[in-house]
Amino acid sequence: MNTIRTFRPIGSFLIAGLLLAACASHPELAARSGVVPAGADLSGLWQLRDEPGSKLKPRAAAEPGIRIPPKNASRNSGPQRSKRSAGTAATMFLETGASLKISQTPDGLFISFDRAIVEEYRFGENRIVSVGPIEAQRVSGWNEMVFVVETLDDQGTLLTESWHLEAGGAVLVRNILVSRGDDVQFSSQQRFDRI
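With my numbering applied, the sequence shown covers 626 to 820.
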């Protein structure tokens with residue numbers, strides 16, 4: 626009988642702890658500096674170098690057409706849970722292009738990807754961005770001479786993009802990192818030449 630009485634308070638604390646952990650808020654991104662460092666200007670027309678790993682795969686998860694299941698695949702007519710890959714929501718905010726036009730104002734950057742999509746980043750921003758029904762927190766700003774954009778989805782996946790100049794301003798370097806906690810899911814570096 627004493628064992629049951631001792632277990633009830635401990636069990637109650639364990640259940641309360643699990644409930645609090647389940648309701649805990651997702652991590653928040655820290656704001657970045659909105660002050661443009663002296664001499665930092667990413668403006669210009671840029672062409673992607675054709676280097677291994679520089680071209681990112683499109684968002685489409687599969688090739689168009691009919692998918693033929695493997696021989697050992699089984700059919701299950703029962704209820705199925707959705708299999709959502711980690712990082713999918715955050716990567717919806719990743720734009721790519723072989724040709725960039727960057728316009729820098731005192732308040733932000735406008736990046737045109739292949740003259741099709743224009744992305745606006747405000748220096749020091751901390752806001753919610755959306756693509757259709759998908760929302761994520763975005764912060765952007767400067768870390769010395771590097772412009773950094775971080776986008777965090779509701780699953781805790783973080784897309785980090787950093788942009789900086791090399792070779793006296795003739796080369797634009799873009800680093801892309803998708804991570805979840807300490808797990809790096811994707812990383813790439815793109816180099817653009819000024820044209």
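No lab work stands behind these hints, which were simulated from the structure alone. Careful: at least some of the hints might be erroneous.
Said to hold, decoys possible - Pairwise CB distance ranges (calculated):
{"id": "1", "residue 1": "ASP779", "residue 2": "ALA656", "range": "14 to 22 Å"}
{"id": "2", "residue 1": "MET770", "residue 2": "ALA723", "range": "20 to 28 Å"}
{"id": "3", "residue 1": "GLU769", "residue 2": "SER668", "range": "14 to 22 Å"}
Every residue gets a Cβ at the ideal spot worked out from N, C-alpha and C, and that includes glycine.
Against the structure, the hints come out as follows:
1. A C-beta distance of roughly 19 Å is found between ASP779 and ALA656, which places it inside the suggested range of 14 to 22 Å.
2. Here the CB-CB span from MET770 to ALA723 is close to 25 Å, well matched to the stated 20 to 28 Å.
3. For the pair GLU769 and SER668, the beta carbons lie near 18 Å from each other, so the given range of 14 to 22 Å is met.
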